[in-house]
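Student: Below are the chains, spelled out letter by letter.
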Amino acid sequence: MKNFITLPNQQNTALLAVRNLSIELPSAADRDRAVDDLSFDVREGEIVCLVGESGSGKSMTAHSILGLLPRGVRTLAESSVCLAGEQLVGLDDARMRALRGHDVAMIFQDPMSALNPLQTIGRQLAEAIRLHDGGRSPARDLDVRCVAMIGSVGLPAAEQIMRSYPFQLSGGQRQRVMIAMALINGPRLLIADEPTTALDVTTQRQILDPVRGMQRERRMGVLFITHDFGVVADIADRVIVMREGRLVEQGTREQILTRPAEPYTRQLIDAVPGRRPRAGAGVQGASRRVTPPMLEVAGLHKTFVSRSGWFNPARVVVAADNINFVVRAGETVSIVGESGSGKTTLGRMIMRLTEPDAGTIKLEGRDLLRASGAELRAYRRQVQIIFQDPFASLNPRQPIGDAIMRGPIAFGMPRADARALTASLLERVGLGAAAIPRYPHEFSGGQRQRIAIARALALQPRVLISDEAVSALDVSVQAQVLALLEELKNEFELTMLFITHDLRVAAEISDRVIVLQRGQVVEEGSSAQIFGAPQHAYTRQLLDAMPGKDIFVHPGDAVRSACGHSSSPVV
Amino acid sequence: MQALIRSYLRHPSGIIGLVILLVIIALAALAPLICPGSPWDSVGQPFMPPDSPGLLLGSDSLGRDIASGIVHGASVSLLIGCVSTLAAVLIGLAIGATAGYLGGRVGDWLMRFTELFQVIPAFLLAILVVAILTPSIRTLTVAIALVSWPQLARITRAEFMALREREFVQAARCQGESGMAIVLRQIMPNALSPIIVTASLSVANAVLMESALSFMGLGDPNLMSWGFMIGEARTMIRVAWWMSAFPGLAILLTVMAINLVGEGLNDVLNPRISRR
Chain A
401 MKNFITLPNQ QNTALLAVRN LSIELPSAAD RDRAVDDLSF DVREGEIVCL VGESGSGKSM
461 TAHSILGLLP RGVRTLAESS VCLAGEQLVG LDDARMRALR GHDVAMIFQD PMSALNPLQT
521 IGRQLAEAIR LHDGGRSPAR DLDVRCVAMI GSVGLPAAEQ IMRSYPFQLS GGQRQRVMIA
581 MALINGPRLL IADEPTTALD VTTQRQILDP VRGMQRERRM GVLFITHDFG VVADIADRVI
641 VMREGRLVEQ GTREQILTRP AEPYTRQLID AVPGRRPRAG AGVQGASRRV TPPMLEVAGL
701 HKTFVSRSGW FNPARVVVAA DNINFVVRAG ETVSIVGESG SGKTTLGRMI MRLTEPDAGT
761 IKLEGRDLLR ASGAELRAYR RQVQIIFQDP FASLNPRQPI GDAIMRGPIA FGMPRADARA
821 LTASLLERVG LGAAAIPRYP HEFSGGQRQR IAIARALALQ PRVLISDEAV SALDVSVQAQ
881 VLALLEELKN EFELTMLFIT HDLRVAAEIS DRVIVLQRGQ VVEEGSSAQI FGAPQHAYTR
941 QLLDAMPGKD IFVHPGDAVR SACGHSSSPV V
Chain B
2 MQALIRSYLR HPSGIIGLVI LLVIIALAAL APLICPGSPW DSVGQPFMPP DSPGLLLGSD
62 SLGRDIASGI VHGASVSLLI GCVSTLAAVL IGLAIGATAG YLGGRVGDWL MRFTELFQVI
122 PAFLLAILVV AILTPSIRTL TVAIALVSWP QLARITRAEF MALREREFVQ AARCQGESGM
182 AIVLRQIMPN ALSPIIVTAS LSVANAVLME SALSFMGLGD PNLMSWGFMI GEARTMIRVA
242 WWMSAFPGLA ILLTVMAINL VGEGLNDVLN PRISRR
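Chains as they are written, first to last, in our numbering: chain A, 401 to 971; chain B, 2 to 277.
Hints were generated in silico from the structure; no laboratory data involved.
Fair warning: this is a prediction, and the values are worked out from it, not measured in the lab.
Fair warning: there could be bad hints in the mix.
[What the hints assert, rightly or not] Label-pair restraints from in silico Cβ distances:
| # | chain 1 | residue 1 | chain 2 | residue 2 | range |
| --- | --- | --- | --- | --- | --- |
| 1 | A | Q782 | B | L129 | 31 to 39 Å |
| 2 | B | I26 | A | L518 | 42 to 50 Å |
| 3 | A | G832 | B | M257 | 53 to 61 Å |
| 4 | A | S706 | B | L103 | 13 to 21 Å |
| 5 | A | G832 | B | F124 | 55 to 63 Å |
[To be verified] Beyond 12 Å from chain B on every Cβ pair, some chain A residues (computed):
| # | residue |
| --- | --- |
| 6 | N516 |
| 7 | R752 |
| 8 | R780 |
| 9 | Q788 |
| 10 | R806 |
| 11 | R838 |
| 12 | H841 |
| 13 | E842 |
| 14 | A945 |
In this text, a Cβ means the ideal position worked out from N, Cα and C, and glycines have one as well.
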């Protein structure tokens with residue numbers, strides 16, 4: 401797999417040449433080496449995607465290039481990282497600082513923590529220039545350059561952005577500011593460490609397009625780290641697949657995506673959601689019998705008003721504007737929309753965690769907004785929710801078994817029974833009863849989400865709401881959790897409300913899809929209708945923004961397969 | 002519980018603190034055995050330097066044994082420090098947790114009430130309370146508790162407000178747990194570390210405040226205390242340094258030991274640190 405390195409001419413044209421890179425982890429880690437004997441090139445004007453699951457060492461590789469490895473982690477002596485012929489391993493700090501941000505720039509996953517909250521965007525951008533030109537540029541030039549740069553990453557009203565503080569911008573705007581900051585000194589190599597993970601599809605598109613555009617314009621080399629093959633399909637020239645610190649395979653985008661040599665690569669590609677659109681719902685819905693409505697939402701309104709002081713005008717955000725829909729028993733309905741579309745608030749209102757301003761929510765005909773006290777508790781038992789962030793939704797100071805059995809105990813189940821139930825549920829979600837006394841921090845993100853699922857099921861609910869439950873997970877883990885949810889849904893006869901920004905996930909799991917924009921339902925229909933023949937412009941826009949849609953999703957398939965076999969099991 | 006003790010025993014600075022604290026507690030408990038007789042009695046010449054015959058730590062201006070004063074003073078300092086802090090923690094937790102969990106108007110009013118205490122300089126308030134109620138060990142404790150709870154209430158409220166919105170708390174609500182169970186099981190364990198650290202500092206603070214009040218002559222007139230000893234010795238520090246140095250050292254060691262124990266507890270109660 402590493403025989404390619406001997407080609408000498410390739411070494412000459414490479415902008416970044418990584419050879420035999422090995423990174424040693426501290427002795428307490430789960431494996432000796434984060435990265436083991438990795439070699440690859442990034443050429444000028446080329447986007448190389450480094451793909452792998454969490455823990456595959458892809459981020460470590462990226463960080464080692466800029467000498468940003470955490471304490472206790474070191475690069476082994478035989479490693480070589482050359483940037484345009486200059487050896488970066490063991491480079492002294494002063495030279496490395498000069499390179500960072502000037503020749504090599506990096507963008508990170510979380511744009512909020514990478515920007516200084518107390519400085520305007522303009523100041524931070526100007527500082528990036530000043531650091532590398534020795535403060536020689538006159539202030540007016542700096543301004544002009546910054547404004548031009550902000551414009552070129554596709555942000556409108558550049559002057560206004562310059563005067564803004566990071567908290568005044570949206571996640572997508574902040575990430576684009578980060579890109580502007582990274583590119584402002586015209587680096588030859590850009591390293592992007594999962595810059596679009598956890599962003600919704602349209603925002604993701606707003607990041608990928610400028611990266612791609614700027615890269616073409618400037619003939620920049622880009623090392624793009626991601627776990628999402630959809631993103632790979634959109635931007636990569638070449639792809640490197642990593643697993644547990646080792647190179648699995650590398651090749652051009654077409655090679656890897658259409659003719660992967662290694663089964664592991666195949667597996668990762670297969671994990672991309674939305675490749676097997678659900679068939680069950682059918683175009684005419686002929687095969688499906690009509691079940692009674694489980695959840696009825698009518699005329700739901702919610703407006704958030706936040707005041708920042710007595711005399712300042714209040715900020716008004718409409719989260720729900722006359723929302724009406726029905727979910728029938730046994731159905732899986734997806735609510736899709738961008739961040740800020742009100743989909744999470746909708747879930748919270750159904751859980752009675754947020755009180756709506758007006759409207760009714762009925763569960764099997766009973767109005768829940770009037771329920772209180774004992775009635776509300778009984779209701780909560782029937783509707784359960786899985787939250788997005790598996791790290792935040794489990795109490796770090798509570799053993800996970802306790803977290804699961806508390807619910808049944810609160811509803812009067814004897815402790816021993818609750819414990820047995822917990823053990824069987826943990827077994828069912830694939831963790832085993834041995835996990836009962838362990839604490840959340842001992843589990844990975846995917847495992848924690850399984851725990852959260854077990855906790856929700858412990859109360860034997862009728863309706864399960866999943867609020868972006870798989871959005872924070874790796875694509876391969878996502879596929880497993882989706883498959884688990886699908887199985888459990890049938891096993892426990894659940895009705896599922898699936899809140900997601902990822903249309904690919906919605907396509908895979910749902911019978912029907914409801915598209916939400918700024919608190920309004922803009923389109924509703926079967927999966928096949930929404931994906932095959934979207935009516936509303938906003939739906940089409942969302943579909944267009946889907947990463948990897950050219951290769952992975954063929955809307956027509958949904959309609960065609962709908963007529964064929966019914967409800968294919970998810971792998 | 003056993004696991005907690007075992008993991009505490011692996012915490013080096015916590016052990017050091019605990020050992021020092023246990024020694025001080027033992028001294029306080031065994032005072033009548035170690036130094037029989039009243040610490041107020043003159044037992045030798047005044048101004049004897051340390052290591053004089055029969056006077057390990059020297060004597061003061063009236064010929065009283067410094068060592069006896071320290072040993073007998075330990076119980077007063079510890080008692081006032083611990084009881085007043087316990088009272089302050091109870092008041093602070095109750096008010097802070099209610100204000101933080103309920104929020105809204107109730108929370109606002111509780112915080113206005115807390116601020117009422119915070120705007121008065123703590124030491125002045127303590128002096129005032131002790132002076133009005135006549136100095137005794139009970140009034141000293143009340144006064145010190147009264148001025149130390151607002152800080153604990155504020156910290157508790159801040160923690161509760163932040164934790165109330167966390168997803169695991171919402172999940173517990175969805176699971177049908179009652180408000181009390183959520184407060185005790187979900188929020189409290191996660192809010193505990195800053196409260197423990199503040200409380201251990203507050204014990205130290207109470208020891209110091211008792212000393213300061215005694216120094217000003219507002220201590221319990223029947224009980225020897227470290228602060229009283231330092232207060233007595235202040236005018237003679239240049240001729241008899243030992244009179245203030247040893248009680249001062251005792252205060253320093255006690256405060257440090259309590260802080261170390263607090264820090265140790267804090268680490269042990271955090272599964273992320275203790276269960277590596």
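Student: Confirm or reject each hint.
Tutor: To see whether the hints hold, each was checked on the structure:
1. A:Q782 / B:L129: 31 to 39 Å: Distance hint for A:Q782, B:L129 is violated at roughly 58 Å.
2. B:I26 / A:L518: 42 to 50 Å: 48 Å, holds
3. A:G832 / B:M257: 53 to 61 Å: Taking Cβ atoms as reference, A:G832 and B:M257 lie about 46 Å apart, which means the hint is violated.
4. A:S706 / B:L103: 13 to 21 Å: Roughly 20 Å apart at Cβ, these two residues keep to the hinted range, so it holds.
5. A:G832 / B:F124: 55 to 63 Å: Holds, at about 58 Å.
6. N516: 23 Å, holds
7. R752: 9 Å, violated
8. R780: 5 Å, violated
9. Q788: 8 Å, violated
10. R806: The claim breaks: A:R806 does not keep its Cβ more than 12 Å from every Cβ of chain B (closest is about 6 Å).
11. R838: Label violated. Min Cβ-Cβ 9 Å, cutoff 12 Å.
12. H841: Violated, since 5 Å does not exceed 12 Å.
13. E842: At about 8 Å from chain B, A:E842 fails to clear the 12 Å cut-off, so the statement is violated.
14. A945: A:A945 clear of chain B: closest Cβ-Cβ about 27 Å, beyond 12 Å.
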